[in-house]
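Engineer: Taking the hints into account, I'd like the entire structure generated from these sequences.
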Amino acid sequence: MSAALAHNARLPSGAAAGKAPLRVLLAAPPALRSGPLERFLADSPDIELVGWTDSESRSMQLFFLLAPDVTVLDWRISVAEPARFVGLIKRVAPYARIVSVVPEADSVPARAARALGADQVVTVDELPACLSALAAEGDALPARYR
53 MSAALAHNAR LPSGAAAGKA PLRVLLAAPP ALRSGPLERF LADSPDIELV
103 GWTDSESRSM QLFFLLAPDV TVLDWRISVA EPARFVGLIK RVAPYARIVS
153 VVPEADSVPA RAARALGADQ VVTVDELPAC LSALAAEGDA LPARYR
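Start counting the sequence shown at 53; every next residue gets the next number (the numbering used here).
Treat the hints as calculated values from the structure; they're not laboratory data.
Note that CB positions come from ideal geometry on N, CA and C, so glycine has one too.
Incorrect hints may have been included.
[As the list claims (entries may be wrong)] Between beta-carbon pairs, the in silico distance windows are:
#	residue 1	residue 2	range
1	87	143	26 to 34 Å
2	166	119	19 to 27 Å
3	95	131	12 to 20 Å
[As the list claims (entries may be wrong)] Restricting the straight-line Cα-Cα distance to at most 20 Å, the calculated cross-link-like pairs of lysine to any residue (SDA-like) are:
#	residue 1	residue 2
4	71	119
5	142	130
6	71	118
7	142	166
8	142	163
9	142	95
10	71	101
11	71	94
12	142	119
13	71	95
14	142	109
15	142	98
16	71	98
17	71	97
18	142	174
Structural biologist: Here is the structure:
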């Protein structure tokens, strides 16, 4: 195999085609990051975890520092007001793409996240499929992130 082909074989499938992986910031408790989601992220060449925190204030800092393509916000990082953080980010960065992870599709945190502008509202089990779909439609991301 030539050096160029060997190099491309190691690149993520999107990267081999010239497409950068989806850059994800995860703001969630350690329990969400470990286990199935961690394995999914490790096995997904089209998705790059650029940052993780379980702190609401640190996630705002990382959002502006890392400029992720997608910010995943778990409702448990701010249990008292689970969707407030969605509203904060959307107010200062309306171009942000936010996926809100909620306990159930029709829960109070889910309704609040939708009302405050979350782009996607999913349960933990739906998160891998959601991220895969967003990675597949990479060209549809806001220009701010391309």
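Engineer: Each hint should be assessed against the structure and marked as holding or not.
Structural biologist: Verification of the hints:
1. 87 / 143: 26 to 34 Å: holds, 33 Å
2. 166 / 119: 19 to 27 Å: With a Cβ separation near 24 Å, residue 166 and residue 119 satisfy 19 to 27 Å, so the hint holds.
3. 95 / 131: 12 to 20 Å: Given a distance of about 30 Å, which is not inside 12 to 20 Å, the answer is violated.
4. 71 / 119: holds, 17 Å
5. 142 / 130: holds, 16 Å
6. 71 / 118: holds, 19 Å
7. 142 / 166: Roughly 12 Å between the alpha carbons, so the hint for residue 142 and residue 166 holds.
8. 142 / 163: Since the Cα atoms of residue 142 and residue 163 sit roughly 16 Å apart, the hinted pair holds (cutoff 20 Å).
9. 142 / 95: This hinted pair is violated, its Cα atoms lying about 30 Å apart.
10. 71 / 101: Given that 20 Å is the threshold and the Cα spacing comes to 16 Å, the pair holds.
11. 71 / 94: Holds - the C-alpha atoms of residue 94 and residue 71 are around 18 Å apart, at most 20 Å.
12. 142 / 119: holds, 14 Å
13. 71 / 95: At roughly 17 Å apart (the allowed maximum being 20 Å), residue 95 and residue 71 satisfy the hint.
14. 142 / 109: Answer holds: residue 142 to residue 109 is near 15 Å, not above 20 Å.
15. 142 / 98: violated, 25 Å
16. 71 / 98: Measuring from Cα to Cα gives roughly 9 Å; hence the hint holds.
17. 71 / 97: Holds, because 11 Å separates the two Cα atoms, which is no more than 20 Å.
18. 142 / 174: Holds, because 18 Å separates the two Cα atoms, which is no more than 20 Å.
Violated hints for the displayed structure, listed by number in ascending order: 3, 9, 15.
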